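Starting from the structure of chain A, add chain B where the hints point.
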Amino acid sequence: MFFAGIDIGSLTAQAVVIKNGKIIGAKTISVLPHPVDSAKEVIDRLLSKQEIKWEDIKCAVSTGYGREKIQQEGLTRENISEISCHGLGAYTINPNIRTVIDIGGQDAKVIKVNQSGKLDNFVMNDKCAAGTGHFLEVMSKTLGVSLDELGPMSRKSRKPVEMSNRCTIYVETEVIHFLQQGVSKIDIAAGINRAMAERVVALARRVEPEKEIMMTGGVAKNVAVKSEIEKTLKVKMVKSKIDPQIMGAYGAALFAQKQEGAK
Amino acid sequence: MITVGCDIGSLFAKAVILDDDELIASKIVRTTGNMADEVDEFLKDVIREAGLSRDRIDCLGGTGAGADILKDAEFVESTLTCVGAASSYYIPETRLSIDIGGQSITSMLLDENGRVLNFMRNDKCASGSGRFLEVMSDKLDVEIEDIDQTVAKSRKTVAISNQCGVFAESEVITHVNNGEQTPDIIAGVCDSVANMVATQGRRFGMAEHYTLTGGVAKINFVTGVIKGKLDGTFHPFPFDPQLAAAIGAALLGD
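Read top to bottom, the protein sequences are chains A and B.
Numbered by this note's numbering, the letters in the first sequence go through residues 918 to 1180 in order.
Numbered by this note's numbering, the letters in the second sequence go through residues 210 to 463 in order.
Pulled out of the complex, with its shape left as it was, chain A reads as follows (with noise of 0.2 Å):
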């Protein structure tokens, strides 16, 4: 049997099956203005790849942003918070998991689950686009490289700079000058990493994270933000096995299958 899970953040929308709690098809595209029209696409383009048809799906999920609306439209059974999803998600990779990291493109959340894999407490920040995937885009924007470069070019750094501001609208000046300056691209990288994982940190303090943390979200893809919460945490996280980009539809999936479990 057959089951799915879709999320629809606010950059990007991911649809994940899986059969007996293993992912047989994932993908990832960019969102289309309607978060229904985001699903439709992402099962499309997800099941075009695949053998199977979307009534094959015995039960799918829905989460992230509209995630109301797509089980409305009856897309889906059900909507799930996706902190719900990411917690379960991450724990069903790893059961020792109680503190997850996810970082999205509009907000940041740390999780906290319990033996069970259940939802035990979160904090989250969407006020503030410091500490999002947000002020990555914008600075590797202004500073002209992929967000996919920023991660690894910062790692050869031997002289990160330093950010007065917090502000993503003030720290985008202060790149500007290091620009100015002609400070090296990869230390400006360098201490932009370093300042996102700083709100990363500040915000999971507040929940007291465990050891056995995991990061799942776009960013988790930034290795030197990661390392540089490991290295402030003094935690070594825990891999995923998966794009922890999908975490949020794996999870979706799997309270599908849960959901049918439990008839």
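Derived by calculation from the structure, the hints in this document are not laboratory data.
This one's a predicted model, so the numbers in the text were calculated from it and none came from an experiment.
All C-beta atoms, glycine included, are put in the ideal place defined by N, C-alpha and C.
Misleading hints may appear alongside valid ones.
Below, simulated BS3-like cross-link-like pairs (lysine-lysine); rule was C-alpha separation at most 30 Å, straight line [as the list claims (entries may be wrong)]:
#1 A:Lys1148 with B:Lys438
#2 A:Lys1044 with A:Lys936
#3 A:Lys1044 with B:Lys280
#4 B:Lys333 with A:Lys1102
#5 A:Lys1044 with B:Lys365
#6 A:Lys1138 with B:Lys333
#7 B:Lys333 with A:Lys1151
#8 A:Lys1044 with B:Lys236
#9 B:Lys348 with A:Lys1058
#10 A:Lys1035 with A:Lys1175
#11 A:Lys1128 with A:Lys1143
#12 A:Lys1175 with A:Lys936
#13 A:Lys1044 with B:Lys438
#14 A:Lys1158 with A:Lys1175
#15 A:Lys1102 with B:Lys436
#16 A:Lys1035 with A:Lys939
#17 B:Lys438 with B:Lys365
#18 B:Lys348 with B:Lys438
#19 B:Lys253 with A:Lys1044
#20 A:Lys1128 with A:Lys1156
#21 A:Lys1138 with A:Lys1153
#22 A:Lys1156 with A:Lys1058
#23 B:Lys333 with A:Lys1058
#24 B:Lys436 with A:Lys1143
#25 A:Lys1035 with A:Lys1143
#26 A:Lys939 with A:Lys1044
#27 A:Lys1076 with B:Lys333
With the C-beta cut set under 10 Å, the calculated list includes, among others, these residues of chain A facing chain B [unchecked claim]:
#28 His1051
#29 Pro1077
#30 Ile1086
Frame of chain A; chain B shown alone:
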């Protein structure tokens, strides 16, 4: 006595020349990355504009975040002291001055001599700052100096629900895509700035008489909304409010 006051702010550099307490010349330029090299020329320009020569200047006072580039300044004072001095000198009854600059909002409580008794500053977050206004008006392709003219054409206010400048920027784009009119969105942006300022003023503690200074106070629509939200009597700064700190620096040199 002829004194020069120069305020190197985060976004703009301002210079004024006072003959005693009379403003005889002023100049405002965008702060650049190599302001240190350009500041001498900038000061020469304003002195020339006043029809004077350098030797006629009795004192140069500096202020602002970048005041350390003013090598010839006789003294450097904080913007707090300067704005307080200028507000109190021209509006003696004022006890509260709210300065809305490029990268900060500062409320200051003044005694009867214009000395700052206490202050509250937000320079951590761009919401409510001149930079916030700039980012939004840039997106809408409206010049800062044309904001009042543009808002005059608005029929409603499109509320901006995000405080964060970066998120508000996305929101502005969404409003444009949804077919909202530029004057209505700009009205919403000004409203958001005014709300941030009024909130700080109220939290800090209102005074019976207050004034607004800094570049953002030039926008009548913003000051109008702030006035509506604050108790006390508003006294407009008698010169361009963006010059307040520079004027204060010049007054302190007298």
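Evaluation of the provided hints:
1. A:Lys1148 with B:Lys438: Violated, at roughly 47 Å.
2. A:Lys1044 with A:Lys936: violated, 37 Å
3. A:Lys1044 with B:Lys280: Answer violated: Lys1044 (chain A) to Lys280 (chain B) is near 42 Å, above 30 Å.
4. B:Lys333 with A:Lys1102: holds, 24 Å
5. A:Lys1044 with B:Lys365: holds, 25 Å
6. A:Lys1138 with B:Lys333: holds, 28 Å
7. B:Lys333 with A:Lys1151: holds, 27 Å
8. A:Lys1044 with B:Lys236: With Cα atoms ~38 Å apart, Lys1044 (chain A) and Lys236 (chain B) exceed 30 Å; violated.
9. B:Lys348 with A:Lys1058: holds, 16 Å
10. A:Lys1035 with A:Lys1175: Roughly 13 Å between the alpha carbons, so the hint for Lys1035 (chain A) and Lys1175 (chain A) holds.
11. A:Lys1128 with A:Lys1143: holds, 14 Å
12. A:Lys1175 with A:Lys936: holds, 12 Å
13. A:Lys1044 with B:Lys438: holds, 24 Å
14. A:Lys1158 with A:Lys1175: holds, 21 Å
15. A:Lys1102 with B:Lys436: Violated, at about 45 Å.
16. A:Lys1035 with A:Lys939: Measuring from Cα to Cα gives roughly 20 Å; hence the hint holds.
17. B:Lys438 with B:Lys365: At roughly 18 Å apart (the allowed maximum being 30 Å), Lys365 (chain B) and Lys438 (chain B) satisfy the hint.
18. B:Lys348 with B:Lys438: holds, 27 Å
19. B:Lys253 with A:Lys1044: Judged against 30 Å, a Cα distance of about 45 Å means the pair is violated.
20. A:Lys1128 with A:Lys1156: holds, 13 Å
21. A:Lys1138 with A:Lys1153: Judged against 30 Å, a Cα distance of about 15 Å means the pair holds.
22. A:Lys1156 with A:Lys1058: holds, 28 Å
23. B:Lys333 with A:Lys1058: holds, 22 Å
24. B:Lys436 with A:Lys1143: Violated. Lys436 (chain B) to Lys1143 (chain A) sits at ~47 Å, over the 30 Å cutoff.
25. A:Lys1035 with A:Lys1143: holds, 24 Å
26. A:Lys939 with A:Lys1044: violated, 35 Å
27. A:Lys1076 with B:Lys333: Holds. Lys1076 (chain A) to Lys333 (chain B) sits at ~24 Å (cutoff 30 Å).
28. His1051: holds, 6 Å
29. Pro1077: Cβ of Pro1077 (chain A) sits 21 Å from chain B, so the hint is violated.
30. Ile1086: holds, 4 Å
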